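**Student:** Protein chains in written order, with this note's numbering: chain A, 1 to 334; chain B, 335 to 908.
For the record, the hints were derived by calculation from the structure and aren't laboratory data. All figures in this text were calculated on a predicted structure; none of them were measured in a lab. Accuracy of the hints is not assured; some may be wrong.
[Unchecked claim] Distance condition first, Cα-Cα at most 30 Å in a straight line; then the derived DSSO-like pairs of lysine-lysine:
#1 A/Lys108 with A/Lys184
#2 A/Lys127 with B/Lys865
#3 A/Lys205 with A/Lys262
#4 A/Lys205 with A/Lys184
#5 A/Lys98 with B/Lys865
#6 A/Lys205 with A/Lys195
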Amino acid sequence: MNDLINKKIWILKTVLIIFIIFSWFNLRSYIEASEISIGVSPSSFSNDSLMPGSYYEQEIIISRANPDTDAKAVIEIEECSVENWISFDPGSEIELPKNEQRVTAKIKVDVPEYADLGSYNGYLRIKLVREESDGQVTLVPAVRMDIDMKVTNVEVVDLEVKMVNIEDFAEGQTMIVMLRILNKGNVSSSLSKVKVDILDLDENKIVSIEKDEIDPVAPFTLDDIDVEYDNVDLDIGEYFADVFAYNDSCIYEDRVAFKVIKGDGSIAEDSDREIYSGDGTEITDRGSNKLLSKILISSGVIIVCILLVGVIVFIIKEIKERDEVNKKYKKREK
Amino acid sequence: MYLRKCLRKNIIRIPLLMVLIISLSYISFKIFSQEAQADPSSTSVTIDNEGPSFTVDPAESVASTSTNPTNVGSNVTFQATATDPNSDDWVLLVCNNGSTPVYTGSTPECNGGSGNRWCRSGSSVASGNQNTCDYTTQAGDSESNAWYAFACDDVTGGSCSSADQGTGDSGSPFEVNHAPSFSSASGNSADPGGTITVSSTASDSDTSGSADQVKLVVCADTNGATYSGCSGTQLCVSSDSASDPSCNFSLDAVEQDGSHNLYAYIFDSHEFASASNYITDSYTVNNVSPSVSGVTLNSGSNISLTESTTTNVVITGTVTDNNSCQDLDTVTTSLYRSAVTFASCDDNSEDDDDSCYAVVSCNVVGSGNTCDSDSDASADYTCTVAVQFHADTTAGAGSSDSPWYDQTWLSTIKATDDSASTDDTEVGSGVELNDCLALTVTSSIGYGNMSAGTDSGSSNQTTVVTASGNVPLDTDLSGTAMTQGGCAYDIPVGNQEHSFTTFTYGAGTDLTSTPTEYQLNCVKTYYNGGKIDGTQNIYWGIEIPSTICSGLFEGEDTVTAVKGDVGDWGPGGS
């Protein structure tokens with residue numbers, strides 16, 4: 001009797017545990033599904049050196065960690081006296097597609113020529129709008145970006161080099177140094193000079209070149225500026241370049257690597273080893289690579305010849321067989 | 335007819351007659367001959383044997399001179415033509431002295447014995463013909479060796495001509511070239527692009543004419559070599575040197591490190607190889623440290639994070655190794671807030687999702703500057719770092735914007751080659767990590783079933799707000815009236831109350847239709863050995879008007895994330 005009761009209790013306990021586990025998972029998934037989120041980066045729209053007539057745009061990232069449904073972000077401007085200066089790209093309603101965690105938008109400001117100098121503040125409220133409602137009171141998550149603008153007539157020059165790069169180039173061609181420059185100032189500005197020290201792989205300086213006519217960067221813009229150097233007499237090979245960017249004084253330096261390649265895009269790999277006798281006389285090395293390549297070429301030629309002969313023999317055989325068949329046929333006809 | 339009859343009759347008589355005539359003739363001849371010998375008064379002469387004499391002077395078929403000596407082990411071939419007055423066959427004998435040879439039987443030998451003999455022709459030749467003999471030079475031979483040639487007839491107790499040393503270069507003496515001595519060769523070590531010197535210990539003692547010099551030929555394989563160079567791959571060749579020659583060769587600018595065999599050969603001025611050829615040694619291409627350059631972080635752009643999750647930040651760089659890009663073992667990157675520094679973010683134990691992402695693996699790019707071969711020095715690498723949403727922002731112009739407003743984020747790429755040599759380079763210009771203003775909230779408030787004219791009392795509904803960006807939160811709250819389609823009454827927005835602590839209805843703050851900012855004081859989510867969420871509860875209550883329709887009423891409340899104050903940045907920012 002006791003055994004029977006214990007058995008029933010055991011079964012009940014098991015069912016209860018399974019039920020609790022099942023319920024917990026359901027509850028957990030329910031809780032997770034009932035959370036909603038939105039984020040924006042950066043959190044403010046600010047510029048303290050706008051000039052009358054200037055234009056400024058700022059990229060923002062609107063994000064959702066769990067974009068399990070389509071949604072919209074609606075941007076509203078609040079408490080801002082210069083609302084008509086501000087616009088949005090692609091608009092004040094931004095589609096947030098399902099499965100896309102990040103959507104890029106732009107906030108743009110066109111400062112009128114007649115704008116008064118001074119500070120302009122306000123808010124941008126970005127609300128996440130969904131189709132469905134979740135209960136008695138649907139909670140709408142939103143983020144509030146501060147607008148913090150200042151119109152000034154003081155010119156600000158503020159260049160910052162973010163990176164440099166030298167693409168590989170063919171021997172005898174122009175060397176192009178790309179500088180990614182952020183102009184944080186409110187006037188178009190350019191670097192005063194870009195100097196490049198070219199080093200071999202042992203870091204011995206080969207040549208130093210510089211240029212002082214550099215294309216300008218528009219205000220509030222991150223832009224790639226190419227600086228071209230003609231007549232850089234470098235052999236095919238790999239090099240380092242120490243790049244120095246000047247805005248009167250040196251504001252950036254970095255080392256990059258690049259290759260001078262053949263016209264066909266390859267880099268020489270069959271360079272002969274330089275051999276010197278004891279008295280320094282150079283002696284050419286007939287490397288085994290060349291011998292190997294000759295053997296390979298010869299082998300290839302032989303194989304091709306054998307194949308050709310085979311094909312010719314085959315064709316002749318075929319022609320003969322056809323002739324014989326034709327002859328037999330004619331005999332039968334006769 | 336008569337003749338026939340006669341023959342038939344004498345057929346037996348004729349042969350008998352012929353036998354008789356012949357016998358008589360023989361007997362007569364014998365008698366006359368004996369008479370002639372026995373007679374002492376008859377004329378006679380005895381002719382002595384005479385030695386042959388050279389008609390063409392003896393000579394070395396290839397003149398062995400001080401400028402063209404015969405290498406040890408090679409033959410000196412002597413040749414001459416002689417005639418013998420007795421028409422005897424003759425033998426060529428070449429000795430190291432000019433004394434008259436002696437005969438043993440019909441064999442001539444140099445005076446003093448075979449030890450004084452350079453060579454003797456293997457067979458005799460008829461008078462008037464040329465004869466030759468070869469001498470194989472020995473290591474023990476002197477450099478200069480006088481010789482004397484004799485023409486000897488090939489008869490028992492024969493005799494020889496007088497000694498003849500020939501004339502000019504092909505005449506005596508013949509010169510012997512000894513092999514150079516060669517005891518050691520050794521290569522040194524150098525960096526890629528440097529110069530390897532192969533030294534040797536070698537000399538040559540020959541001085542006839544002028545002192546012999548020695549030359550070093552160094553090959554990369556065992557295919558053999560001559561004075562002119564290697565049959566296979568040649569490393570270097572020295573000039574002629576009095577002793578201990580050496581030679582140099584340049585390593586390629588890109589060369590894999592390690593030891594490489596070399597095979598050294600020594601030859602003398604007469605292109606004669608040393609008996610010790612070849613000697614095997616090695617040279618070493620040193621390992622050199624890799625070099626990291628051109629490090630970029632997020633292409634130079636500011637970093638914007640994704641709320642509640644990670645954002646991939648790409649770091650690139652070029653790694654150059656003069657032992658070839660294939661020499662590289664690992665390439666890793668660290669991404670950190672500038673005040674942290676690479677020194678404090680170069681080990682996984684220092685990982686901190688707020689400020690340090692250490693030792694993240696990098697990969698060679700799939701196209702562009704890939705690692706093509708062992709002669710390719712450089713390759714571009716790309717590294718992807720998954721940055722958490724709560725990583726410290728460095729954006730802003732003052733401390734009210736961020737505790738780290740005066741910093742940037744930096745990355746360093748570190749390369750390690752297969753010899754554990756390393757290099758690390760930091761990005762040339764840091765980038766800002768933007769602030770990410772974000773929140774996660776419960777999606778709805780359910781007040782449940784209530785009767786008209788009642789309120790929620792002390793039973794609050796709870797909304798959990800989580801800081802799902804990298805800033806602390808305050809909040810703007812606003813709402814709409816709750817309505818029901820077809821009902822003339824609604825629940826005004828002000829009937830909802832809220833508080834950040836639990837409350838009894840009436841003690842909360844009325845919700846407004848226009849957003850109102852409140853000090854939520856939700857701290858930034860941060861890292862402390864694990865993620866610590868910044869969360870804050872909003873408690874809600876409601877009063878139902880006394881006159882209202884029954885049924886479900888719905889509304890919409892807006893919870894807006896507002897960037898929090900300086901004091902809410904949490905442990906990292908305080």
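**Student:** For the pair we were handed, A/Lys127 and B/Lys865, check the Cα-Cα distance against 30 Å.
**Tutor:** Within the cut-off at roughly 27 Å; holds.
**Student:** Does A/Lys98 pair with B/Lys865 here, judged by a C-alpha cut-off of 30 Å?
**Tutor:** 27 Å, holds
**Student:** Tell me if the straight-line CA distance from A/Lys108 to A/Lys184 falls inside 30 Å.
**Tutor:** Holds, at roughly 16 Å.
**Student:** So if I understand the rule, the pair passes when the alpha-carbon distance is 30 Å or less; does A/Lys205 with A/Lys195 pass?
**Tutor:** 13 Å, holds
**Student:** Are the Cα positions of A/Lys205 and A/Lys184 separated by 30 Å at most?
**Tutor:** 34 Å, violated
**Student:** Holds or violated: are the alpha carbons of A/Lys205 and A/Lys262 at most 30 Å from each other?
**Tutor:** OK: A/Lys205 and A/Lys262 at ~22 Å, within 30 Å.
The structure fails to meet hint 4 from the earlier list, while all remaining hints are met.
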